[in-house]
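Undergrad: Below, each chain spelled out in residue letters.
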Amino acid sequence: MIKIKLRFVVVYLVLTLLALAFLIPFIWLFVESFSPLNNVGFTIPNRFTLDPFRNVLTNGTFIRSIYMGLIQSLGATFLSVMFAIGPAYVFSRKSFKLKTPLMLGVLLLTGFPVFSLLVPTFIFFIDIGLYNTVIGVILFLGVLNLPIDIWIMKNSFDQIPKSIERASIVDGAGTLKSLFYVFIPLTLPIMAVLIILNFVINWGNFYVPFILLSSSHLLPISVRIYSFFGAFSVRYNELAALSIIYTVPAVILYIFAQKYMIKALSGGIKG
Amino acid sequence: MLNTRKIKFNMQNIIYLIFVPTFVYLGIFFLYPIYISIKYSFTNISLTDILNYTYIGFSNYHSLLTSGSFIGSIYTTIIFLVLSAIIGQMFLGIVVAYLLSVTQKYFRLIITSIILVAWATPQVTAGIMWYSTLSYIPSGTVNVFLNYFGIHSINFLSLHLALISIIIANVWLGLGFSVLIFSSGISGISPSIIKASRIDGANPFTRFFKIILPLLKKSIITDLLLITLFTLGAFTLVFVMTGGGPVNATDIMTIYQYRAGFSLFSLGIANAVGVIIIVLAISISILYLISLKGD
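Chains as they are written, first to last, in this note's numbering: chain A, 1 to 271; chain B, 1001 to 1295.
Careful: at least some of the hints might be erroneous.
What the hints assert, rightly or not - With the C-beta cut set under 8 Å, the calculated list includes, among others, these residues of chain B facing chain A:
| id | residue |
| --- | --- |
| 1 | Ile1018 |
| 2 | Thr1022 |
| 3 | Phe1030 |
| 4 | Ile1034 |
| 5 | Tyr1040 |
| 6 | Leu1099 |
| 7 | Leu1100 |
| 8 | Thr1121 |
| 9 | Pro1138 |
| 10 | Trp1172 |
| 11 | Leu1180 |
| 12 | Leu1232 |
| 13 | Gly1261 |
| 14 | Ala1270 |
For the record, the hints were derived by calculation from the structure and aren't laboratory data.
No residue lacks a Cβ here, since even glycine has one placed at the ideal position from N, Cα and C.
Throw the hints in and build the complete structure from the sequences for me.
TA: Put into structure tokens, the structure is as follows:
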């Protein structure tokens, strides 16, 4: 009996230590963002201040980068979700000759190492005039999430019983009508989660705007933070404050949405 | 008669038109870049003049595969993959998920959330945080702790330790994903199996290796595929923390590709590196599909 208890104590202890270790990198970020000092190392200041946040939030360049980040992430999210609905519906409800190869193709794109596509896309965008445009970034970010969105949406459509669809067709609704009046409303919660996940992924993406944009006024917050970090004399407390403004909302949204994502993803694997 | 049937037939198939916009979009912005990546990898295209280039056959691949720095980059990538993805994320992920599965519900929720916060943190932020946390001069959080216990500061981002440091940072970032996959895998194992094994007198270690691991086979393969692909395509965290340096100590293939294209201006070489990464990724994915079919 004692042996079993001891074993449990060890499990709890190990997991607690692991969680504490996971929090270590955040210590600097939070201490520094409220510090009047300016230090890449770790020091506990003798007083705390909100000045770094105030300075960041009154700086036009940073406000603009937040706005740019929002436009680019939301625009790309809109594109991925819109273009995913149709194929997801057809994959879920119809059977046709090319179904398996097409679905495998989409699956293959899901795990694609997209970073390696940035060099050719960079050349392609210069050729067609999309380089250094917001619309170019939106179009490319949007296509990257499209394959996984098709999968997640197909799986959520799969869960709608055939009988409901049949009832709507008996009622005289055509296929398209049943898509808009039955499938989309019934999967609205998953759609909401999908939109959040897309947004958070796009918001966190650094390398797409970093490589496809060059004008300072177009840079989203992810790239702005990086160039702030790489600048000559960095005001680290403001960098930390800006990073918190950038990070905390995204993390909260993600934690809220992830519960549903795992369900959808593991459904996808069963496919 | 014939006519109406034909119209009906068309109406039945009209739904497939829904594919057209999506596949056009995927075709232009996803498949076409793959195609030109292959095309440009056989040219000497340069960042200084992207309009004038000539085809040079396999020269780019040849010079890559005979260059010490690229071979070194492949080695670095393999070490990064094995230590970060396979040992650090997959194996540790199974262990943590298993330990979590025997703990109390709210404790489990708190620990899982903390691990997930790391996974949800945008990589630019993660890179900056880790850079500061491991900072040598001035002392970052870890060195302040070490000094407090009387241990000398360690230069974590030096030539010999930088690779280990980015591996630790990447495990920190990625562990949450594996824990999620394995937690849902473990919760799918019927409790009666675990109970039966307990009655049989199996100790926790045997139980873990003989019963839990084999039942998790599908989760393991899935997790292994996804984190291998994530890690192969990892860029931002390492780029922010070390930029591939010092010297070439953390020069994983994606960073090599970036530098070839944008520091050395050789977009031809950069595309060739990209094609090599894509071929590796597709081979890994196909292996995965085959191993799932085997079941």
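Undergrad: Look at each hint and say if it fits the structure.
TA: So, going through the hints one by one against the coordinates:
| no. | hint | result |
| --- | --- | --- |
| 1 | Ile1018 | holds (3 Å) |
| 2 | Thr1022 | holds (5 Å) |
| 3 | Phe1030 | holds (5 Å) |
| 4 | Ile1034 | holds (7 Å) |
| 5 | Tyr1040 | holds (6 Å) |
| 6 | Leu1099 | holds (5 Å) |
| 7 | Leu1100 | holds (7 Å) |
| 8 | Thr1121 | holds (6 Å) |
| 9 | Pro1138 | holds (3 Å) |
| 10 | Trp1172 | holds (6 Å) |
| 11 | Leu1180 | holds (5 Å) |
| 12 | Leu1232 | holds (6 Å) |
| 13 | Gly1261 | holds (5 Å) |
| 14 | Ala1270 | holds (5 Å) |
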